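> Let chain A serve as the given structure and place chain B on it in line with the hints.
Number of protein chains: 2
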Amino acid sequence: MPDVSIDLIDPRTVGAPAGQGMSTGMTQTIVIAQGGGPTAVINQTMAGAVVEAKRRDPQARILGALHGVRGVRDSRFVDLGALPEDQLMNIARTPSAALGSTRDKPDAAYCEKVLAGLKKVDASAFVYIGGNDTAGTQAILSDASGGSIACVHAPKTIDNDLVENDHTPGFISAGQFVAAAFLSVDLDFRALPGIYVGIVMGRHAGFLTAAASAWRLDDDSGPHLIYVPERAFDRVRFVDDIRRTMDKHGRCIVAMSEGVSDASGKSLVESLVPTAMLERDAHGNVRLSGTDLGQAIERILAEDLAGKRSRVDTLGYMPRGAISMISETDAKEAFEAGRFAVEVAESGSGSVALQYAGGVTKPALVPLDNVAGKTRHMPDDFLDRDENRLAAPGIAYFDRLLPRMFEPGKPFV
Amino acid sequence: MPDVSIDLIDPRTVGAPAGQGMSTGMTQTIVIAQGGGPTAVINQTMAGAVVEAKRRDPQARILGALHGVRGVRDSRFVDLGALPEDQLMNIARTPSAALGSTRDKPDAAYCEKVLAGLKKVDASAFVYIGGNDTAGTQAILSDASGGSIACVHAPKTIDNDLVENDHTPGFISAGQFVAAAFLSVDLDFRALPGIYVGIVMGRHAGFLTAAASAWRLDDDSGPHLIYVPERAFDRVRFVDDIRRTMDKHGRCIVAMSEGVSDASGKSLVESLVPTAMLERDAHGNVRLSGTDLGQAIERILAEDLAGKRSRVDTLGYMPRGAISMISETDAKEAFEAGRFAVEVAESGSGSVALQYAGGVTKPALVPLDNVAGKTRHMPDDFLDRDENRLAAPGIAYFDRLLPRMFEPGKPFV
Numbered sequence: 063m064p065d066v067s068i069d070l071i072d073p074r075t076v077g078a079p080a081g082q083g084m085s086t087g088m089t090q091t092i093v094i095a096q097g098g099g100p101t102a103v104i105n106q107t108m109a110g111a112v113v114e115a116k117r118r119d120p121q122a123r124i125l126g127a128l129h130g131v132r133g134v135r136d137s138r139f140v141d142l143g144a145l146p147e148d149q150l151m152n153i154a155r156t157p158s159a160a161l162g163s164t165r166d167k168p169d170a171a172y173c174e175k176v177l178a179g180l181k182k183v184d185a186s187a188f189v190y191i192g193g194n195d196t197a198g199t200q201a202i203l204s205d206a207s208g209g210s211i212a213c214v215h216a217p218k219t220i221d222n223d224l225v226e227n228d229h230t231p232g233f234i235s236a237g238q239f240v241a242a243a244f245l246s247v248d249l250d251f252r253a254l255p256g257i258y259v260g261i262v263m264g265r266h267a268g269f270l271t272a273a274a275s276a277w278r279l280d281d282d283s284g285p286h287l288i289y290v291p292e293r294a295f296d297r298v299r300f301v302d303d304i305r306r307t308m309d310k311h312g313r314c315i316v317a318m319s320e321g322v323s324d325a326s327g328k329s330l331v332e333s334l335v336p337t338a339m340l341e342r343d344a345h346g347n348v349r350l351s352g353t354d355l356g357q358a359i360e361r362i363l364a365e366d367l368a369g370k371r372s373r374v375d376t377l378g379y380m381p382r383g384a385i386s387m388i389s390e391t392d393a394k395e396a397f398e399a400g401r402f403a404v405e406v407a408e409s410g411s412g413s414v415a416l417q418y419a420g421g422v423t424k425p426a427l428v429p430l431d432n433v434a435g436k437t438r439h440m441p442d443d444f445l446d447r448d449e450n451r452l453a454a455p456g457i458a459y460f461d462r463l464l465p466r467m468f469e470p471g472k473p474f475v
Numbered sequence: 063m064p065d066v067s068i069d070l071i072d073p074r075t076v077g078a079p080a081g082q083g084m085s086t087g088m089t090q091t092i093v094i095a096q097g098g099g100p101t102a103v104i105n106q107t108m109a110g111a112v113v114e115a116k117r118r119d120p121q122a123r124i125l126g127a128l129h130g131v132r133g134v135r136d137s138r139f140v141d142l143g144a145l146p147e148d149q150l151m152n153i154a155r156t157p158s159a160a161l162g163s164t165r166d167k168p169d170a171a172y173c174e175k176v177l178a179g180l181k182k183v184d185a186s187a188f189v190y191i192g193g194n195d196t197a198g199t200q201a202i203l204s205d206a207s208g209g210s211i212a213c214v215h216a217p218k219t220i221d222n223d224l225v226e227n228d229h230t231p232g233f234i235s236a237g238q239f240v241a242a243a244f245l246s247v248d249l250d251f252r253a254l255p256g257i258y259v260g261i262v263m264g265r266h267a268g269f270l271t272a273a274a275s276a277w278r279l280d281d282d283s284g285p286h287l288i289y290v291p292e293r294a295f296d297r298v299r300f301v302d303d304i305r306r307t308m309d310k311h312g313r314c315i316v317a318m319s320e321g322v323s324d325a326s327g328k329s330l331v332e333s334l335v336p337t338a339m340l341e342r343d344a345h346g347n348v349r350l351s352g353t354d355l356g357q358a359i360e361r362i363l364a365e366d367l368a369g370k371r372s373r374v375d376t377l378g379y380m381p382r383g384a385i386s387m388i389s390e391t392d393a394k395e396a397f398e399a400g401r402f403a404v405e406v407a408e409s410g411s412g413s414v415a416l417q418y419a420g421g422v423t424k425p426a427l428v429p430l431d432n433v434a435g436k437t438r439h440m441p442d443d444f445l446d447r448d449e450n451r452l453a454a455p456g457i458a459y460f461d462r463l464l465p466r467m468f469e470p471g472k473p474f475v
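Quick mapping for you: the protein sequence lines, in order, are chains A and B. The opening position of the first sequence corresponds to residue 63 in my numbering, with each subsequent residue numbered one higher. The opening position of the second sequence corresponds to residue 63 in my numbering, with each subsequent residue numbered one higher.
Simulated from the structure, these hints should not be mistaken for lab results. Some hints here could point you the wrong way.
Claimed, not checked - Heads up, simulated DSSO-like pairs for lysine-lysine below, C-alpha to C-alpha not over 27 Å straight-line:
1) Lys370(B) with Lys175(A)
2) Lys116(B) with Lys472(A)
3) Lys175(B) with Lys370(A)
This one's a predicted model, so the numbers in the text were calculated from it and none came from an experiment.
Same shape as in the complex, but just chain A:
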């Protein structure tokens, strides 16, 4: 942006050896970066880290790396410590990764360059905010630095799929968006009945899709069916589910994860979309385009449930950084995760995890390897065994995380 309020630090200065330039060797240098998909509160985590670093050492040099590890590798930093507190807190309240993000998953060679970038600025700690890939990067960096730099992973993901965490910063806000969307669409379909399928982000974990159920009003309310990656998708069963729901409720609201797969583990997009039309990313993963899946679902509805009014929408990116649906709890927890990451950096590397006990959510430090590269799936007992809907443990979990925000009146239909 043309009028961005702080300038990039001149790499010639930042890169100068200790004793010259900005770095005196007397004060700590902490580097902060953001990785993976942005969320509504990832900037709170950055702000929490900055505030804590300043509190511990008012002279600390606090550098923000642009676009995650790329910025560290390429010595592209902003001086977060120089940012006035009101500007910092405005950014904290703003969704998306203010430092920019990256999808890079560095290998050992890439990590060597990142490490060199950290050493160039005399970093004593590197706080990297992101998901399980980010934890993996920190594990490599921590080993490669031989413990000379505290590499701390601060959690972030709307997928809610980090092990060791009760839930992750970013999930509650995104979940609220999804819950409100499905509550609203269900009300809409009471007025003009039909079949609605809303496709929600989530490659391996169904938490965000299941959040669609959080604000159901009663047993008649949608979503009536949820399809998540944790349960094998079967076309015949799907059509039968919808038919029974239409018979019972006169309408059928469906929440479906982008990553739903058949019994062989092949994603629904892959099994329904002609191979030639599939796109793959640099890692060879099939791109789970919402409209690909949406088209496939529309074809199923047209073929097997012909004549019924239906609609498929793809929520896509809307839930993950929705400025209109930021949860205060999520914001506070994200800030605290960042603050805690700097606090624990004094004692070395690790991953910050939000844990829940005795009615309270608190950050804890766990080994990076516990989190790196692992996916937390939605527990099996969250779903009914025979129905595509939440069971009591799932309902209790979402009730706790996503207290109802809206109390609609009772429609006449």
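Okay, now just chain B, sitting in the frame of chain A:
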């Protein structure tokens, strides 16, 4: 719903001749119905009509017809007058049409049956809340009743496409949802650059799509391009627009109406999707499925802008009844439109229009034929002549209607 708080009126009672059953002939009977796509505030209009009817005649019989003219034809009513005020106001604050809606566009024969249904309950006035089709139904009914029943159309549509209106109830709330979604997605794409296309409802009018621009932060902000039904879509131009935007801003956020058409007037869905795959509704209109258009756009991006990260989402039904984004102004104007509809029913049939003069929005009564079957398009000067973006008059209009709700901080990227 099992525990709906007021029961359907027994048609045997309601249908009884004057002097028997509920109708005494001494008090007025007002019938209220809701038609077309639901909105976030159509229940405010219903509530406004009920409150005004009670105020004018505390003994008035106020009937709500279920599913629009269908309910009138089939004598399916609820007793809105019996509803406690707190329940009425809870419903007013709830999106979607609480009475149920219909897509029926009655012809003369159907209208005869509707008229019979109105006479059966001794209706002196019929307030029908909806879009231009609804105004058309009222025009037929008004003529057929020979002036014996005041047939008043109260405006409602997220498309904002009713002539005689400065804007329509439902549009501001839906517009806020769209503006917030694009502000959020633009922030997201600053962090992870690429091309984003969000597809927004709107068959003939581009107002809702253009609302995506309302909360842009500065000249760098998205949406960078908007495509509306009022301007012919050209694939070569589209690709070129995106390429130039990517060069200039490093990302490209696009808001596109479902109803965009090529120079021959053929909708983009029709011209891009194989004919065999097109679905048509009962009126022969091609179903403008967001995912059909989304797929077509994804193919264009894959073919002509290969290798660029891109994503297409379909906002679909989410904006129109979003419980999270109801505008207080919209709610008040919708309530007032319903109240005014009952006030003017004393002097005969007509269409209520929200007009703007001297800085104030006020309802006025206009002839039904002025509104029936007509579509208000976005004025040509709302768009730049040569660029797919808003020009000053468009910016001024959306600034007035959609005051900014969020002041984000400045990202570093």
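> Hint compliance check: list the failing hint numbers for this structure, sorted ascending.
none
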